[in-house]
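Please build the complete structure, drawing on both the sequences and the hints.
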Amino acid sequence: MSTTLEEPRAGTRIDYLNADYGWKSWLFTTDHKRIALLYLISITFYFFVGGTFAVLMRIQLIEPQGSLVQPETYNRLFTMHGIIMIFFFLIPSIPAVFGNFLVPMMIGARDLAFPRLNLLSWYIYMVGGIFTLYSVIHGGVDTGWTFYTPYSSTYANSQVIPVALGVFITGFSSILTGLNFIVTIHKMRAPGMTWFRMPLFLWSMYSTSIIMVLGTPVLAITLFLLALERLFQVGIFNPALGGDPLLFQDLFWFYSHPAVYIMILPAMGVISEIIPCFSRKQIFGYKAIAFSSVGIAVLSFLVWGHHMFVTGQSIYAGLVFSALSFLVAIPSAIKVFNWTATLYEGSISYDAPMLYALGFIGLFTMGGLTGLFLASLSTDVQLNGTYFIVAHFHYIMVGGAVMGYLGAMHYWWPKISGRLYPEAWARLAAAIIFVGFNLTFFPQFMLGYLGMPRRYAFYPAEFQFLNVMSSAGASILGVGYLIPLVYFVWSMRYGPVAGPNPWGATGLEWQTPSPPPTDNFEYTPIVTEDPYEYSKQEVGLV
Amino acid sequence: MSEVHTKTSILAHQFENLDQQLETDTLGIWVFLVTEIMFFGGLFACYTVYRSFYLPAFEATSRVLNVRLGALNTMVLLSSSFTMAMAVRSAQTAKRNALMAFLALTMVLGVVFLGVKAIEYHAEYMEHIIPGVDFAPQGEILQHLSPGGLGHAQIFMCFYFLMTGVHAIHMIIGLGLLLTLLLRARRGTFTSQYFAPVEVTGLYWHFVDIVWIFLFPLLYLIGGRY
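Protein chains in written order, with my numbering: chain Y, 1 to 542; chain W, 1001 to 1226.
A few of these clues could be false.
As the list claims (entries may be wrong) - SDA-like mimics (lysine to any residue), calculated; alpha carbons at most 20 Å apart, straight line:
id : chain 1 : residue 1 : chain 2 : residue 2
1  : Y       : 187       : W       : 1013
2  : Y       : 187       : W       : 1196
3  : Y       : 187       : W       : 1023
4  : Y       : 187       : W       : 1199
5  : W       : 1117      : W       : 1067
6  : Y       : 187       : W       : 1117
7  : Y       : 187       : W       : 1197
8  : Y       : 187       : W       : 1019
9  : Y       : 187       : W       : 1012
10 : Y       : 187       : W       : 1067
Said to hold, decoys possible - Not the full set, but computed from the structure, chain Y residues with beta-carbon under 7 Å of chain W:
id : residue
11 : 111
12 : 179
13 : 182
14 : 214
15 : 218
16 : 230
17 : 233
18 : 241
19 : 242
Stated by the list, open to error - Computed spacing ranges between beta-carbons, pair by pair:
id : chain 1 : residue 1 : chain 2 : residue 2 : range
20 : Y       : 330       : W       : 1217      : 20 to 26 Å
21 : W       : 1173      : Y       : 52        : 52 to 58 Å
22 : W       : 1045      : Y       : 52        : 36 to 42 Å
23 : W       : 1173      : Y       : 376       : 43 to 49 Å
24 : Y       : 376       : W       : 1177      : 46 to 52 Å
25 : W       : 1020      : Y       : 15        : 22 to 28 Å
Hints in this document: simulated from the structure, not taken from any laboratory. Source: prediction; values computed, not measured. Glycine included, each C-beta is placed from N, C-alpha and C at the ideal position.
Listed below in structure tokens is the structure:
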């Protein structure tokens, strides 16, 4: 690659990127860092595919009568947007990229417990993705990303089976990644790395892995049943033969509500790393944050019924699910309060990762509080099926998970690539994304409150102003997402050399060169300190 | 120390020593079995819901199944768990010939199980009780069911084929794993220091066995014939 811009030493040092060249050294690698990069490229591709569907939807909704497509096509747009963004971008995003890259480095290990299984996970993910892309090319799916029966089993005129198989297959990638993380965190920690010396990112990866391992198999069997039902009309979910369509919803949400926490818990872990680093302070309430991650993982399995308040589920079940859903607010709030307490009297610097972290706190709080509206039985009856729902989960999924993902990209990119990105552009992009995001989705809260239903290609004319605002915001958001793509690629060749620890951060991953050598550390590190010892830390390294 | 050096090809690069590797492999298979429990758990949950909805039809349809062959298969599978446990023991005590013999015996019992299962499937095909594809039961057991009851019978048969079918797929995967173990054992890969693959495969095999222990009463015995 380029030798002119590097330090004299860096040009000769062997790291995981220049250890070997050629496509075989990438496609058959078992190095967790290279597999992380394979995932990074793949999920970025799916992010822009899913984003394209969103762009088409927002163009359609500029005019009340629709400016682009027929309703049948619109159904496919929002379905494919949801399926690709959730199963092929958000669920693998932070775990598969940053979890893969960082879990071994943060505990001082040479690799994950099962490196070949890790590579297999990526191939499984790609095979699932090919099934899904096949269905996109052949017209996509029009069932909504939830695949509700009997719509998906009896009435859909689209490619349900390939997509269900694609999601089914990709699920195993998620299961194996979770398994790998759990075993690695239990058995591969360096000497002195006790559970309570682990960075909080690892606690959140551990909690995420628990959900992946327990929840995903249930989704797998559910989609398997759905595919059989559609192929043979065997009656599992078909009321004509005695099947119960609501059973599908129960099974689906038993996975898919915890899946929300698969997406948000890793982002919370990222925020817990960034906030202390850019406040130069020990994190406030380490154990409270750690246990709140586990608490969210446990509670996540007990709240699925709040997606079914208006389906004919018994009112008593509704009451219990409502109360349990309110409980999830407690560990979430514990995290937010501890992050803000960490900021208090800190020496705060507003580098790009910190901007994303602060944005996350604000947007996640909005998303979380509006979630309480939806956990209440009476308000949910009013708001269910409106744009309020759409706005709520985009505040969590985009305002939360994607902001966390971008924060992680900016925080660990110097470690991954060995190069710095242009800070001014990065701050500008963070500001554009924040403004664009709010302009896109805040009007949707108002639209939902006023009663505009989701998933329609047309809408009454009085909603046009807010819809135009939302579409305008989406175009700003789109620009905000393209800028980092450009400067990250640019920085790989032209960025200044980062050095091992550009942020002066604690944590084992910063104590090894950037990019790290294939075995991560020259010697197995011995841990003697708690994480986030920013108060007594001298910046820079041994 | 020379013994340690001969083991380096067995010790994967990410581990410090063979003990850590064995512990890691064992925890890995246990976590995997947890995912398997959740996978089968989804099926069992659906079965339980429908059984509570349609108990009479489920009981009647259960009588269509061949309980003698089911019982035979239960015995075959339990015996295979015994031979598998003996194989693990032989690996731990570095008895290579015994290890190979017990692995081969386990495979034979596994193949017998699948053969008996195939005979059952064939009989059910001849009786036209394949849900969705060809469901027109001729026998007198299901004759008295109403049209609605026949729909419920179809759901029962659907779960029968799904659960035993997914179980059979696990058996086939298990046989593949046993075959690779057998080939590796013949090459003398396993020692009293290094037997993790045998132990891990053993845990998997016992799990598949236990699933059958639940399937047999839930599918074959709920008819109350005996």
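Now for the hints, and whether the structure bears them out:
In summary, the hint linking residue 187 (chain Y) to residue 1013 (chain W) is supported, as the alpha carbons are separated by about 14 Å, within the 20 Å threshold. The suggested pairing of residue 187 (chain Y) with residue 1196 (chain W) holds, with an alpha-carbon distance near 15 Å, which does not exceed 20 Å. Between residue 187 (chain Y) and residue 1023 (chain W) the alpha-carbon distance is near 8 Å, which keeps this suggested pair within the 20 Å criterion. Annotation: proposed proximity of residue 187 (chain Y) to residue 1199 (chain W) holds, straight-line Cα distance about 18 Å (limit 20 Å).
Taken as a hint, the residue 1117 (chain W) and residue 1067 (chain W) pair is honoured in the structure, with Cα atoms around 12 Å apart against an allowance of 20 Å. Proximity of residue 187 (chain Y) to residue 1117 (chain W) is assessed by CA-CA distance (about 40 Å); at most 20 Å being required, the pair is judged violated. Between residue 187 (chain Y) and residue 1197 (chain W) the CA atoms are separated by roughly 18 Å; this keeps the pair inside 20 Å, and the hint holds. The suggested pairing of residue 187 (chain Y) with residue 1019 (chain W) holds, with an alpha-carbon distance near 11 Å, which does not exceed 20 Å.
The hinted pair formed by residue 187 (chain Y) and residue 1012 (chain W) meets the criterion: a straight-line CA distance of about 14 Å does not exceed 20 Å. About 45 Å separates the Cα atoms of residue 187 (chain Y) and residue 1067 (chain W), which puts this hinted pair outside 20 Å; it is violated. With its C-beta approaching chain W no nearer than about 4 Å, residue 111 (chain Y) sits inside the 7 Å limit, and its interface hint holds. At a threshold of 7 Å, the smallest CB-CB gap from residue 179 (chain Y) to chain W is about 5 Å, leaving the interface hint in force.
For the restraint placing residue 182 (chain Y) at the interface with chain W, the shortest Cβ-Cβ distance is roughly 5 Å, inside the 7 Å limit, so the hint holds. Evaluation of the residue 214 (chain Y) hint against chain W yields a held restraint, the C-beta minimum of about 6 Å falling below 7 Å. Given hint, residue 218 (chain Y) at the interface with chain W, holds; its Cβ is 5 Å from that chain's nearest Cβ, closer than 7 Å. Taken as an interface hint, residue 230 (chain Y) does not check out: its beta carbon lies about 10 Å from the nearest beta carbon of chain W, beyond 7 Å.
Because the beta carbon of residue 233 (chain Y) sits about 5 Å from the nearest beta carbon in chain W, less than 7 Å, this interface hint is met. At a threshold of 7 Å, the smallest CB-CB gap from residue 241 (chain Y) to chain W is about 4 Å, leaving the interface hint in force. With a cut of 7 Å, the hint placing residue 242 (chain Y) at the interface with chain W holds, because the nearest CB-to-CB distance is about 5 Å. Taken as a hint, the range 20 to 26 Å is violated for the pair residue 330 (chain Y) and residue 1217 (chain W), whose Cβ atoms sit roughly 42 Å apart.
Under the hint 52 to 58 Å, the C-beta atoms of residue 1173 (chain W) and residue 52 (chain Y), about 39 Å apart, miss the expected range. At roughly 38 Å, the beta-carbon separation of residue 1045 (chain W) and residue 52 (chain Y) lies within the given 36 to 42 Å, and the hint holds. Here the CB-CB span from residue 1173 (chain W) to residue 376 (chain Y) is close to 47 Å, well matched to the stated 43 to 49 Å. With their beta carbons about 51 Å apart, residue 376 (chain Y) and residue 1177 (chain W) fall inside the hinted range of 46 to 52 Å.
Judged by the Cβ atoms, the range 22 to 28 Å given for residue 1020 (chain W) and residue 15 (chain Y) holds: they are separated by roughly 26 Å.
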